[in-house]
Amino acid sequence: MATTTTNPTLSTFEAALDDLGVESTRTTVEDFATTLDGIVRDPAVGVSLPFDVEYPDSVTVDPTPADLERAATGVTPASYGVANYGSVLLPSTDDGAELVSLYPKLHVPVLRASDVLPDLPEALDRFGDAARAEDLSAIVATGPSATADMGKLVLGAHGPEAVHVVMLDE
Amino acid sequence: MSKGRGDKAAEIRRLMATEGPAIEENTKGFNRKRQEAVADLENYEELRDRAREIKEDAIDRLPELIDRLREAVEDNGGHLYVADDAADANRYIRDVAAENDAERMVKSKSMTTEELEVNDALAEDGVDVVETDLGEWVVQLADETPSHLIAPAIHRSQESIAELFETVFDPADPPQTANELTSFAREKLGERIRDADIGMTGANFVTADSGTMAIVTSEGNARKCAVTPDTHIAVTGVEKVVPSTDELSPFLELLARSGTGQALTAYVSLLTPPVDSPTVDFDDDETPLSERDSDRDFHLVLIDNGRMAMREDDQLRETLYCIRCGQCSNSCANFQHVGGHAFGGETYSGGIGTGWEAGIEGLDTAAEFNDFCTGCSRCVNGCPTKIDIPWINTVVRDRVNRGKEPEGYDFLVEGLTPDEEPGGLDLDKRLFGNFETLAKLGSATAPVSNWLADTGAARWALERVAGVDARRDLPEFQRETLVEWFGNRVSTVSDPTREVVLYPDVYTNHVQVERGKAAVRVLEALGVSVRVPAVRSSGRAPLSQGMIATAEDHAHDVYGSLAEYIDAGRDVVVIEPSDLAMFDGEYERFLPEASAERLGEHSYEIMEYVYGLLENGADADALRAGDGDEVAYHAHCQQRTLGLEAHTVAVLEDLGYDVLTSDVECCGMAGSFGYKDTYYELSMDVGDDLAEQFSTPETRDRTVVASGTSCLEQLDALLSRPSTHPVELIAP
Numbered sequence: 001m002a003t004t005t006t007n008p009t010l011s012t013f014e015a016a017l018d019d020l021g022v023e024s025t026r027t028t029v030e031d032f033a034t035t036l037d038g039i040v041r042d043p044a045v046g047v048s049l050p051f052d053v054e055y056p057d058s059v060t061v062d063p064t065p066a067d068l069e070r071a072a073t074g075v076t077p078a079s080y081g082v083a084n085y086g087s088v089l090l091p092s093t094d095d096g097a098e099l100v101s102l103y104p105k106l107h108v109p110v111l112r113a114s115d116v117l118p119d120l121p122e123a124l125d126r127f128g129d130a131a132r133a134e135d136l137s138a139i140v141a142t143g144p145s146a147t148a149d150m151g152k153l154v155l156g157a158h159g160p161e162a163v164h165v166v167m168l169d170e
Numbered sequence: 171m172s173k174g175r176g177d178k179a180a181e182i183r184r185l186m187a188t189e190g191p192a193i194e195e196n197t198k199g200f201n202r203k204r205q206e207a208v209a210d211l212e213n214y215e216e217l218r219d220r221a222r223e224i225k226e227d228a229i230d231r232l233p234e235l236i237d238r239l240r241e242a243v244e245d246n247g248g249h250l251y252v253a254d255d256a257a258d259a260n261r262y263i264r265d266v267a268a269e270n271d272a273e274r275m276v277k278s279k280s281m282t283t284e285e286l287e288v289n290d291a292l293a294e295d296g297v298d299v300v301e302t303d304l305g306e307w308v309v310q311l312a313d314e315t316p317s318h319l320i321a322p323a324i325h326r327s328q329e330s331i332a333e334l335f336e337t338v339f340d341p342a343d344p345p346q347t348a349n350e351l352t353s354f355a356r357e358k359l360g361e362r363i364r365d366a367d368i369g370m371t372g373a374n375f376v377t378a379d380s381g382t383m384a385i386v387t388s389e390g391n392a393r394k395c396a397v398t399p400d401t402h403i404a405v406t407g408v409e410k411v412v413p414s415t416d417e418l419s420p421f422l423e424l425l426a427r428s429g430t431g432q433a434l435t436a437y438v439s440l441l442t443p444p445v446d447s448p449t450v451d452f453d454d455d456e457t458p459l460s461e462r463d464s465d466r467d468f469h470l471v472l473i474d475n476g477r478m479a480m481r482e483d484d485q486l487r488e489t490l491y492c493i494r495c496g497q498c499s500n501s502c503a504n505f506q507h508v509g510g511h512a513f514g515g516e517t518y519s520g521g522i523g524t525g526w527e528a529g530i531e532g533l534d535t536a537a538e539f540n541d542f543c544t545g546c547s548r549c550v551n552g553c554p555t556k557i558d559i560p561w562i563n564t565v566v567r568d569r570v571n572r573g574k575e576p577e578g579y580d581f582l583v584e585g586l587t588p589d590e591e592p593g594g595l596d597l598d599k600r601l602f603g604n605f606e607t608l609a610k611l612g613s614a615t616a617p618v619s620n621w622l623a624d625t626g627a628a629r630w631a632l633e634r635v636a637g638v639d640a641r642r643d644l645p646e647f648q649r650e651t652l653v654e655w656f657g658n659r660v661s662t663v664s665d666p667t668r669e670v671v672l673y674p675d676v677y678t679n680h681v682q683v684e685r686g687k688a689a690v691r692v693l694e695a696l697g698v699s700v701r702v703p704a705v706r707s708s709g710r711a712p713l714s715q716g717m718i719a720t721a722e723d724h725a726h727d728v729y730g731s732l733a734e735y736i737d738a739g740r741d742v743v744v745i746e747p748s749d750l751a752m753f754d755g756e757y758e759r760f761l762p763e764a765s766a767e768r769l770g771e772h773s774y775e776i777m778e779y780v781y782g783l784l785e786n787g788a789d790a791d792a793l794r795a796g797d798g799d800e801v802a803y804h805a806h807c808q809q810r811t812l813g814l815e816a817h818t819v820a821v822l823e824d825l826g827y828d829v830l831t832s833d834v835e836c837c838g839m840a841g842s843f844g845y846k847d848t849y850y851e852l853s854m855d856v857g858d859d860l861a862e863q864f865s866t867p868e869t870r871d872r873t874v875v876a877s878g879t880s881c882l883e884q885l886d887a888l889l890s891r892p893s894t895h896p897v898e899l900i901a902p
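Line order of the protein sequences matches chains X and P. All residue numbers for the first sequence refer to the numbering used here, where the first residue is 1 and numbers rise by one. All residue numbers for the second sequence refer to the numbering used here, where the first residue is 171 and numbers rise by one.
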């Protein structure tokens, strides 16, 4: 499953993230906890990940709403990446992935490196199947939240002011 | 009548001074970024075609799609309500609020809810409605209306927002910088969102197959409004329904690009409500999110409010293809100077605003700002769904004209009103729309007519009665028309390489006769046999005034006169770009398809034609060479829309001229627009950018060259040095 660094879709994704000012880190299942520990700002909260990985102790998994409000970082799974836009597709789940990705100032989406798709139509194609079959809701998130309404571009409006994408080689 | 015009002129003057500078800076910024973002997209035209196709299909099948959507939403556990009008929608929304004992509702920006004035309706029940989009919140705090479809507070500067926050909240440490203002707003709004009982959003698109709504935002407020309170009401127009999620991507790829020049906005929420996210009470420090319940209530309110009738209207239907990106506002020179508070109706503003207001509010509301569209067509190439926005504006103008009762002063214009047009037409419209008749009369009686028209008494009367601004120089009619001049001479070409008909547009024929003579000399010098027959005017002047029936009548006559020449193998060469744009565009609506195509295919702009001749081996030495002469060139709006600017530049450069091209949106004159006393100052304000560009140390000594009649007139008014048509420059 491990992908080589020469994968053009992944390089496009990394370049697009870079253009958006979004940091990205690739890691393995074994190194995941250590890697994540180095990325999150305290206090950090997260929702369970559909990957075979362990969270570091620094992240409170399945937080209470009060934990969430105090959190500086939210870690959530992403279903896909969209290479050309540097977007991640964030599924809304009943353990609060949408809220955890939205309220803290730093959002860390975690996705499989192999789930980076070349373009938006492909990502929407997969989303559509899930929307029809399971009423799935998701967010196509591209960079941090931003506003230009106050006279200049400001990062971090209602949502996160920073995003750090973690790609997992399984 | 004149009092109304005076009030409007005063309002325009006020907005140009107060809101204009911020609007100009912001819209031009969006526009620049759009051009870059679109250039990055390899399949841009393909996406536009696809978006158009999806919209045509969706509007065509709308009733069926709404039925499918209802099924999907109800299967998911939500409610769908189709409201006939604003009152119906508001009643439903108030009922939902009452059932939930709602004290506060938080809203994310939605023009559709502006259309309903839902905030006022809820306020009557004591519900505190808070806008959460930062720009919309500013507008709400200031008790204003949005001035742009996607950037509601575009008219406000950072300083004025800082002052507003200080006045409203009187904070101990008033925020000043954009960062401080943003955090201040985020904090205030964050408190209100967590205490809200209901969240309300719009929806940019709704898919019939799954009941999924796509909501596009950058700030993340729509996400918070949709999932923080446990009741979500989404409100949108029926026209936003598309068949399936597969159809979303062209729109999503075009929407932000066309509006703000971003590739994608930060968030596209694809919500298939009721969503699975647990409901949240931030004081709860006991229950993990996974154990909290996600019992949510969802209502989708689709509003008709005139849209289904627009669907049945062959001319207004296209308006429903609008995805509200705001491109037609950003690319419009007039909008850039006055914004949506002048160039807008009850709700919608900008180029497409006329179509919306005509369909939703009625012709009276649309009439208030319809004249701001000069038909320059600069918005046409940027519309993501390829809506012919100027045409919609012309149709609305025509309907406004027809809806009017005849006014006084009819005796003054007896004979100026063709049978096709209603008697109630505004006098200024009738005057400009029948310019051909005036021109004929003017030439026949020149120079007396020119002298007479220029007297103080005549100017006073023209302004008082017909709204022709006395500060404008009037065109000087030539005694000998181009057609007459041509008829009295002998051709210099014996063995022609090609044969053309030079179209004698009304201005070239009666006023700018010299550019017509120059065109004949250039063509003949390149070995082309020329004829200049008497042909009726293209109909551009009546079309600009919304006199569609008259314009159509001209189209039939023009085609009738030219068809025979085309059949005989002659090309049609046109000097005036706005007339070529008619042949190429609007004539499709007036003539049988084959006729319009035939004329369009065989018609060329004069410099485009010269370019073609030179490319095909004609001898450039026969023309007047530049030898490094420096020129400042301003292309005509419609010429640029047609992609014809490059030909003129190439010909001039080939001949050795040093060409500098203007990069402003428009000269501001726009046909009759700049003559009207209501718009004169706006016209000059728009033109200032061009004047400035041609007055810098690098440009001020350059010979000024422009392609359009209006542009030449405006440049003459703006600059102290004369301007000329490129063909006059190169004529031997």
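A couple of the hints might just be wrong.
[Unchecked claim] Think about it this way: if two alpha-carbon atoms lie no more than 35 Å apart in a straight line, the pair counts; the simulated DSBU-like pairs of lysine-lysine are:
#, chain 1, residue 1, chain 2, residue 2
1, P, Lys556, P, Lys178
2, P, Lys687, P, Lys574
3, X, Lys152, P, Lys178
4, P, Lys574, P, Lys556
5, P, Lys178, P, Lys198
6, P, Lys178, P, Lys574
7, X, Lys152, P, Lys574
8, X, Lys105, X, Lys152
9, P, Lys556, X, Lys152
10, P, Lys203, P, Lys178
11, X, Lys105, P, Lys574
12, P, Lys203, P, Lys610
13, P, Lys358, P, Lys178
14, P, Lys574, P, Lys610
15, P, Lys358, X, Lys152
16, P, Lys198, X, Lys105
17, P, Lys687, P, Lys178
18, P, Lys556, P, Lys358
19, P, Lys687, P, Lys198
20, X, Lys105, P, Lys610
21, X, Lys152, P, Lys687
[Said to hold, decoys possible] Chain P regions said to be covered by chain X (calculated; three or more residues, Cβ under 8 Å):
#, segment
22, 290-304
23, 416-422
24, 444-458
25, 488-499
To be clear, the hints were calculated from the coordinates, so they are not data collected in a lab. No experiment lies behind these values; they were computed from the predicted model shown. Idealized CB from N, CA, C, for every residue including glycine.
The hints, checked one at a time:
Taking the CA atoms of Lys556 (chain P) and Lys178 (chain P), the gap is about 31 Å. The hint holds against a cut of 35 Å. For the hint linking Lys687 (chain P) to Lys574 (chain P), the alpha-carbon distance of about 42 Å lies beyond 35 Å, and the restraint is violated. Our distance criterion of 35 Å between C-alpha atoms is met by Lys152 (chain X) and Lys178 (chain P), whose separation comes to about 32 Å. For the hint pairing Lys574 (chain P) with Lys556 (chain P), the CA-to-CA distance comes to about 31 Å; that is within 35 Å, so the pair holds.
At most 35 Å may separate the alpha-carbon atoms for a hinted pair to count; Lys178 (chain P) and Lys198 (chain P) meet this at roughly 25 Å. For the proposed pair Lys178 (chain P) and Lys574 (chain P), the alpha carbon gap of about 19 Å is at most 35 Å, so the pair holds. Distance hint between Lys152 (chain X) and Lys574 (chain P) is unfulfilled; the C-alpha atoms sit about 46 Å from each other, more than 35 Å. Between Lys105 (chain X) and Lys152 (chain X) the alpha-carbon distance is near 20 Å, which keeps this suggested pair within the 35 Å criterion.
Among the hinted pairs, Lys556 (chain P) with Lys152 (chain X) is consistent with the structure: their alpha-carbon atoms are about 31 Å apart, no more than 35 Å. For the suggested pair Lys203 (chain P) and Lys178 (chain P), the alpha carbons sit about 32 Å apart, so the restraint of at most 35 Å is met. The suggested pairing of Lys105 (chain X) with Lys574 (chain P) is violated, with an alpha-carbon distance near 58 Å, which exceeds 35 Å. Restraint check for Lys203 (chain P) and Lys610 (chain P): the C-alpha separation of about 46 Å exceeds 35 Å, so the hint is violated.
Note on Lys358 (chain P) and Lys178 (chain P): the hinted pairing is violated, with a Cα-Cα distance of about 38 Å set against a maximum of 35 Å. Distance restraint check for Lys574 (chain P) and Lys610 (chain P): the Cα-Cα separation of roughly 28 Å lies within the 35 Å cut-off, and the hinted pair is therefore satisfied. Under the criterion of a C-alpha separation no larger than 35 Å, the hint pairing Lys358 (chain P) with Lys152 (chain X) is consistent with the structure, at around 20 Å. For the proposed pair Lys198 (chain P) and Lys105 (chain X), the alpha carbon gap of about 32 Å is at most 35 Å, so the pair holds.
Proposed proximity of Lys687 (chain P) and Lys178 (chain P) is contradicted: the alpha carbons are some 41 Å apart, above 35 Å. Distance hint between Lys556 (chain P) and Lys358 (chain P) is unfulfilled; the C-alpha atoms sit about 41 Å from each other, more than 35 Å. About 39 Å separates the Cα atoms of Lys687 (chain P) and Lys198 (chain P), which puts this hinted pair outside 35 Å; it is violated. For the suggested pair Lys105 (chain X) and Lys610 (chain P), the alpha carbons sit about 71 Å apart, so the restraint of at most 35 Å is broken.
Of the supplied pair hints, the one linking Lys152 (chain X) and Lys687 (chain P) is violated, its CA atoms being roughly 53 Å apart against a limit of 35 Å. Only residues whose C-beta sits within less than 8 Å of a C-beta in chain X count toward coverage, and the segment 290-304 of chain P has 3 of them, enough to reach three; the restraint holds. Using a Cβ-Cβ cut-off of 8 Å, 4 residues of the segment 416-422 of chain P lie near chain X, which meets the minimum of three, so the contact claim holds. With 13 residues carrying a beta carbon less than 8 Å from a beta carbon of chain X, the segment 444-458 of chain P meets the three-residue requirement, and the given coverage holds.
Counting residues of the segment 488-499 of chain P whose C-beta lies closer than 8 Å to any C-beta of chain X gives 0; at least three are required, and the coverage claim is violated.
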